[in-house]
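From just these sequences and the hints, can you work out the full model?
Going down the list, the sequences are from chains A and B.
Residues in the first sequence are numbered consecutively from 225, following our numbering.
Residues in the second sequence are numbered consecutively from 11, following our numbering.
Do not rely on the hints blindly, as some may be mistaken.
Claimed, not checked - Using 20 Å as the maximum straight-line C-alpha spacing, the simulated EDC-like pairs for lysine to aspartate or glutamate come out as follows:
| id | chain 1 | residue 1 | chain 2 | residue 2 |
| --- | --- | --- | --- | --- |
| 1 | B | Lys328 | A | Glu315 |
| 2 | A | Lys423 | A | Asp284 |
| 3 | B | Lys187 | A | Glu334 |
| 4 | B | Lys322 | A | Glu334 |
| 5 | B | Lys329 | A | Glu418 |
| 6 | B | Lys317 | A | Asp290 |
| 7 | B | Lys162 | A | Asp333 |
| 8 | B | Lys119 | A | Asp371 |
| 9 | B | Lys162 | A | Glu315 |
| 10 | B | Lys284 | B | Asp325 |
| 11 | B | Lys322 | A | Glu315 |
| 12 | B | Lys166 | A | Glu332 |
| 13 | B | Lys162 | B | Glu318 |
| 14 | B | Lys322 | A | Glu418 |
| 15 | B | Lys329 | A | Asp417 |
| 16 | A | Lys402 | A | Asp417 |
| 17 | B | Lys224 | B | Asp272 |
| 18 | B | Lys166 | A | Asp333 |
| 19 | B | Lys328 | A | Glu418 |
| 20 | B | Lys284 | A | Asp290 |
| 21 | A | Lys304 | A | Asp377 |
| 22 | B | Lys322 | A | Asp417 |
| 23 | B | Lys329 | A | Asp333 |
| 24 | B | Lys162 | A | Glu334 |
| 25 | B | Lys187 | A | Glu390 |
| 26 | B | Lys328 | A | Asp290 |
| 27 | A | Lys402 | A | Glu418 |
No wet-lab data here; the hints were simulated from the structure.
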Amino acid sequence: MKRLFPWLILIVATAGICWRFPLFHVVSLKRATEEKAAATFNPATFAEKFWSEKLLKSLDQAAKADELLSAIQANPAEAKKKFSRSVGVSESYTYFVSGKGRVVTVSEDEIALAVTAGATNAEVALQTGLLFGNAVRDGTGLLNVNDYPNSQDFNAISEALNQLVETRVQPKLREVAKAGATIRFVGCAEVNDESTDLKPLKVVPIQTGTN
Amino acid sequence: MKTYFNKLTCAVALAMVSMFIAASAFAADQPSAKQKIAVVISTLNNPWFVVLGETAKARAIELGYDATIFDSQNDTAKEASHFENVIAGGYKAILFNPTDANGSVANVKKAKAAGLPVFCIDREINSTNDATAQMLSDSYSGCVALGQYFVKVVGKEGKYAELLGIVGDNNTWNRSKGFHSVVDRYTNLVMVAQQSADFDRAKGLEVFESILQKNPDVKAVFCGNDSMAMGAYQALVSAGKADKVKVFGFDGADDVVKLIADGKITATGMQFPKTMARNAAEFADEYIKGKRDFQQKIPVKVELVTKENVSKYGDYGKK
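Structure follows, in structure tokens:
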């Protein structure tokens with residue numbers, strides 16, 4: 225009995241340690257799958273939440289289109305300095321812009337508007353075709369690359385936001401955009417570099433309506 | 011004689027004091043006696059990374075440091091060993107081109123724990139609080155532009171292949187996803203093969219030869235970097251199909267830029283390795299001199315290079 229006692233103590237101590245610090249946990253497959261899904265970034269869910277909770281509430285921050293267009297006309301470099309934003313080291317930049325204009329032409333991929341007083345030519349082209357690029361993600365300045373440890377997540381947001389524009393904004397816009405109609409719009413324009421032709425300014429619409 | 015001796019002593023002493031003051035003033039402008047900066051590069055088996063490493067080293071030397079390049083040979087274990095040597099070797103900063111977005115995080119954490127700032131160049135690590143700053147190629151957006159050009163010149167239908175880079179590297183997927191975010195919207199453009207060639211020219215040749223044998227009717231190949239594009243182009247030359255299949259690369263390597271000018275390769279994305287490397291070295295210098303508030307991730311735009319604008323590019327950047 226005396227010889228067994230130390231062994232008993234050792235077994236109890238080991239059992240106690242294993243109970244306190246288990247070597248493994250048994251988790252149901254369903255729970256494990258749910259936990260993995262919760263930890264994985266879902267760009268569609270993120271974009272949906274961002275769209276309704278932040279983006280639509282920030283539309284009043286956009287520059288006035290007639291003011292921006294006049295500034296670009298007068299001095300593109302000064303307009304860029306005053307109204308644009310850019311991400312990182314880049315010659316490209318974005319404008320966040322709102323306004324209204326008269327529909328001049330309608331094509332498969334864009335709806336051209338005359339915006340400034342007395343204009344008859346296309347000054348803004350609302351994009352209604354397939355969308356690529358980061359105009360909506362970067363245009364408002366609401367999203368910051370530094371908040372995303374993996375840049376693949378940040379990039380996936382662009383695709384998800386473009387998808388929302390294609391499914392929610394473009395179809396309604398195409399319905400109402402007839403030549404001569406007045407369209408209100410808020411959107412973002414991505415300018416590749418200073419040699420880019422800004423006549424018209426290509427704007428990805430976020431919200432549109434008629435007057 | 012004594013008076014002369016006293017005068018000479020005074021002159022020598024004055025000269026010594028002047029030299030001491032001058033040396034102190036000079037030292038205030040310069041890093042103290044050749045501090046060391048390490049440049050740890052994922053691989054030197056690719057000219058693009060050689061340019062990245064050599065430019066970072068050259069800029070560090072210009073700024074008054076001793077700089078040494080360490081080649082990780084695309085192996086996180088070798089990279090870990092370099093970090094241990096750098097930490098033990100009294101270096102003041104690391105300019106770092108990681109081998110693996112996840113696998114390299116531990117190495118950066120070690121350096122941070124040892125008080126060493128790490129500045130990532132070109133490739134990122136999946137962490138926003140370990141590196142001091144990360145100067146990254148915006149590969150995704152570059153490949154969105156490349157994808158749009160691909161559709162424009164290849165057309166909206168046909169078969170194509172893709173050569174991927176290292177599977178564990180975020181750049182591989184940022185490039186592939188950027189490209190597919192465009193091309194996949196055209197359902198008649200069919201990808202018949204997608205295989206990794208590890209960003210390597212020899213593997214690019216080997217893998218694309220095999221793809222060509224099974225799919226002789228591909229119209230184009232999108233390669234995740236220019237080394238693989240050169241390998242794919244070589245495979246096409248050997249098969250006598252160089253003028254039938256369009257090759258798209260990514261990096262802006264000099265040999266590919268020249269082949270674009272000659273009309274042999276269709277397009278690439280210019281990544282500006284020299285800009286990134288110089289900026290990273292300058293960040294390290296600023297850190298050593300006391301600056302601490304660095305933006306964590308700084309994307310650097312990638313520009314589309316095609317036959318229409320190739321004259322503007324060369325020497326790993328814009329002319």
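Query raised in the report: Checked against the structure, which of the hints given earlier come out wrong?
Result: The structure conflicts with hints 2, 3, 4, 6, 9, 16, 17, 20, 21, 23, 26, 27, although it agrees with all the remaining ones.
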